[in-house]
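Construct the entire structure; sequences and hints are all you get.
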Amino acid sequence: MNFKKYIQITMIIVVVISIVIIALGAVKWSENPYTGLIYLIVGVIQFLGGVLLFPRIAKLEDMKEVGNRSVQANWLVLSIGIAGMALFMAPFFRLEAMAIPYIAFILCVISVLLSGFNIFTAVKKAKARMIV
Amino acid sequence: MGDTVKKEEWPWQDAYGDYSMVPVPKHEKRSFTSIFYVYMGVLACIAVLWGGGTIGLQFGLKDAILVAVIGSAILAVIGGLTAPMGGIAGTSTYVNMRFPFGAVGSQVFGTIVAGIACGIGWFAVQAWLFGIIVHTLFPNAAWANVGVAATWGGLLMIVTAIIGFRGLAWLSYLAVPFFMLIAGVGAMIGIANAGGFAGLMSIMPKQPAPLSVGITQVVGMYIAGGIITSDISRYARRAIGGALGWIIQIIVFQVYMLTGSAMLMLATGASDVAGALLIGGAGIGAFLMAILGQWTTNDNNLYNGALSFNTWIHTKKWHITLGEGLIGVGIAAWVGFAAGASMDPFMKFLTLLGKILPAIGGVLIADFYIFRWYKKIPFKKRYKPQPGMKIAIVNWVGWLSVGLGTWIGGWVMKWGIAALNGLILAFVIYVVLAIVFDAAGVKIAVGEHTINEKGV
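Protein sequences appear in the order of chains A and B. Numbering (our numbering) for the first sequence: 6 to 137. Numbering (our numbering) for the second sequence: 8 to 463.
The set of hints was computed from the structure by calculation and includes no laboratory data. Among the hints, erroneous ones may be present.
Subject to a maximum C-alpha distance of 27 Å in a straight line, what follows is the list of computed DSSO-like cross-link-like pairs (lysine-lysine) [as the list claims (entries may be wrong)]: (1) A:Lys130 / B:Lys36; (2) B:Lys397 / B:Lys387; (3) A:Lys69 / B:Lys33; (4) B:Lys36 / A:Lys9; (5) B:Lys36 / A:Lys64; (6) A:Lys69 / B:Lys36; (7) B:Lys36 / A:Lys132; (8) B:Lys36 / B:Lys388; (9) A:Lys129 / A:Lys10; (10) A:Lys129 / A:Lys64; (11) A:Lys64 / B:Lys33; (12) A:Lys132 / B:Lys33; (13) B:Lys36 / A:Lys129; (14) A:Lys130 / B:Lys33; (15) B:Lys33 / A:Lys129.
Rendered as structure tokens:
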């Protein structure tokens, strides 16, 4: 598969994950506003990281440049995903029904793995720089 | 032919690695994002949160914010003035120092500013702090003993510093967004503990300190970083990129981090940030904060230190990084085993740092912006070295200005902000003496040194 296509598909997955996290935050806002807020922050940052990549690579033909820009976006998704993993299960953000933190945690794991693999692929296939 | 063209464009040999003695070539320059992230990586550290915590114990929230904003604004101006030097010349702070201090001066002052202060002193202090934090979080684990944790933590930090700018950037990319989030979590815990924002605003410390004390603490805490901004900004594609990156991270994110941790401490009344986060319920986030926060800052300390030592120890930069790192780890482990959880060495070190470093920054700023303007050297050609260029061995006016600025600003003057006093005094003394002696035909440059293609 073309690298640009691959990145666009995986970033759609990241965007969908972030929307689910935002939705979970909104649903649980009334129970614990701090939990709602942290979900929203993580979700919105991942959402922006994913969504903003589309216009940034839309007109690019040079695969290396596509790779460089996707590396930037995926570093952000990766880092904020790790933060989500560390914080969603923390006692301060505890919820009565722990199913939701578990779901959010798993979603973060997926986004971390996906973004980590995207960085690897960008460096390997598109010859992108790991730092740009 | 291709080689000839390349040699004409960049007539240097990077003999020691990571362009430690020569200008960074165009193809190695990095985007604004990269520069910004690396600066943020330096900022994202426990020491800044600890500084915010100290402010939170001395001021109410309104004054704490005021202190953070004024202190950060001063630092933004200092770093905003030093960063373009690296951006224009493409060289590190210590290579730039050859102009206002001479070749030997850059070695001596570079070693004081970055080699001893950052590469060994700050590195050791932060590795030791790392040990304290890990011990606070896991008081019963043998691997979390202050000395033991300082050792393995310090060794981790050496690894990314040895990789060089790339290592710093990778780690910063990974850690900075996380660290910003955890500072926000600290604020949330503070607000929750105080029963809301209004409750937090109403809390006052038992013994409030004067605003000037807090501002001095904020400026003294990070003025070293403000003076050696060129070590990172030399990689910036545009000269203005390094300055902008520095100013934004200081004005926006340092204020945010200081305020976040001040809120946490104000509400909990705890004695340390990591412990307050753990008690507040940040869970594993508190531990990750301790590791990533210290790591991203301390590898920079080593990195800067190695750059300065490279001006007189002519070997591969990573050899120096490893050597100074091991010395720092040794000191941290010793302090950890001997002094346990005492904060005294840290506070003494900060006090001393605040007195020595700013004068050097003042002279650099005075020489780059005023004296070279007076000498009619175009802005974009200032501090740009060339193979075969002749520079002074000692610029005695630079030395004298630093000596007087440090002494008067740090020891004689009993008012104002000590760090800022030293910087401004050295700036004024250098401008006056350099221009007066130059106009009178008195040579301020002693001896002559020719820069070779290795940048030495």
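Provide an ascending list of the numbers of those earlier hints which the structure does not satisfy.
-> none
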